[in-house]
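Peer 1: Be aware that the sequence shown starts at 27, since it is given in my numbering, and climbs by one per residue.
To be clear, the hints were calculated from the coordinates, so they are not data collected in a lab.
In this text, a Cβ means the ideal position worked out from N, Cα and C, and glycines have one as well.
Keep in mind that the hints are not guaranteed to be accurate.
[Claimed, not checked] Simulated DEER-style distance windows between Cβ atoms: (1) Arg-139 to Arg-42: 13 to 21 Å; (2) Leu-41 to Asn-135: 22 to 30 Å; (3) Arg-50 to Ala-161: 45 to 53 Å; (4) Arg-50 to Asp-30: 49 to 57 Å; (5) Gln-88 to Gln-165: 22 to 30 Å; (6) Arg-98 to Glu-162: 26 to 34 Å.
[To be verified] Derived DSS-like pairs (lysine-lysine); straight-line CA-CA distance at most 30 Å: (7) Lys-173 to Lys-131; (8) Lys-134 to Lys-46; (9) Lys-131 to Lys-46; (10) Lys-134 to Lys-154; (11) Lys-134 to Lys-174; (12) Lys-134 to Lys-102.
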Amino acid sequence: MKFDHLMLEQLDEQLRGWDKLKSRPAPRKGWINLIRSALGLNTRQLAEKLGVNQSRVVTIEQAERNTSITLRTLEKTARAMGCRLVYGLVPETSLHTILEQQAQKVAKNRLSRVSHSMGLEAQDVEVKKQKQQLAELIQELLEDSPKKLWRDDK
């Protein structure tokens, strides 16, 4: 079955909306501290909204800074401040580019194994032909299911 390239393109398009955010670092003291301070809430007041003690808010802010906070706690804290947690994974490039890079890696590995055995048989393939074979194999891999790209990952 052919891979649904339209689905990949649509998802890549949706993810492009996040591009501006991926280059923006998190606030030094964390989002919770930044929003809490901007709203004029102290840790005691946020603790009351969360139904926890003040030291728990300090712990929550520390957990966010060292990236050990849970999504549940982050969402609950955001809601207590009238905010919404927005969570997502944003590719460094695009999903399509990631698949192309993986297809190239797999194709090179496959062709190097074939090339090695042909070299042992004194059947070296000229560079131009190798590039053509590589391009054709990459295209073939991209047209098939992406699941197969990750099986031959070495």
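Peer 1: Please go over all the hints and tell whether each is borne out by the structure.
Peer 2: Against the structure, the hints come out as follows:
1. At about 37 Å, the CB distance of Arg-139 to Arg-42 disagrees with the hint of 13 to 21 Å.
2. Checking the proposed 22 to 30 Å range against Leu-41 and Asn-135 shows it holds: the Cβ atoms sit about 28 Å from each other.
3. Look at Arg-50 against Ala-161: about 37 Å separates their beta carbons, and that is not inside 45 to 53 Å.
4. For the hinted restraint 49 to 57 Å between Arg-50 and Asp-30, the CB-CB distance of approximately 32 Å leaves it violated.
5. A beta carbon spacing of about 50 Å between Gln-88 and Gln-165 contradicts the range 22 to 30 Å that was offered as a hint.
6. Our hint of 26 to 34 Å for Arg-98 and Glu-162 is violated, since their Cβ atoms are close to 49 Å apart.
7. Restraint check for Lys-173 and Lys-131: the C-alpha separation of about 14 Å stays at or below 30 Å, so the hint holds.
8. Simply put, Lys-134 and Lys-46 have alpha-carbon atoms about 33 Å apart, too far for the 30 Å limit, and the pair is violated.
9. Between Lys-131 and Lys-46 the alpha-carbon distance is near 29 Å, which keeps this suggested pair within the 30 Å criterion.
10. Pair hint Lys-134 plus Lys-154 holds up; C-alpha atoms about 15 Å apart against a cutoff of 30 Å.
11. Between Lys-134 and Lys-174, the direct Cα distance comes to roughly 15 Å. Compliance with the 30 Å bound is thereby established for this hinted pair.
12. Taken as a hint, the Lys-134 and Lys-102 pair is broken in the structure, with Cα atoms around 48 Å apart against an allowance of 30 Å.
The structure fails to meet hints 1, 3, 4, 5, 6, 8 and 12 from the earlier list, while all remaining hints are met.
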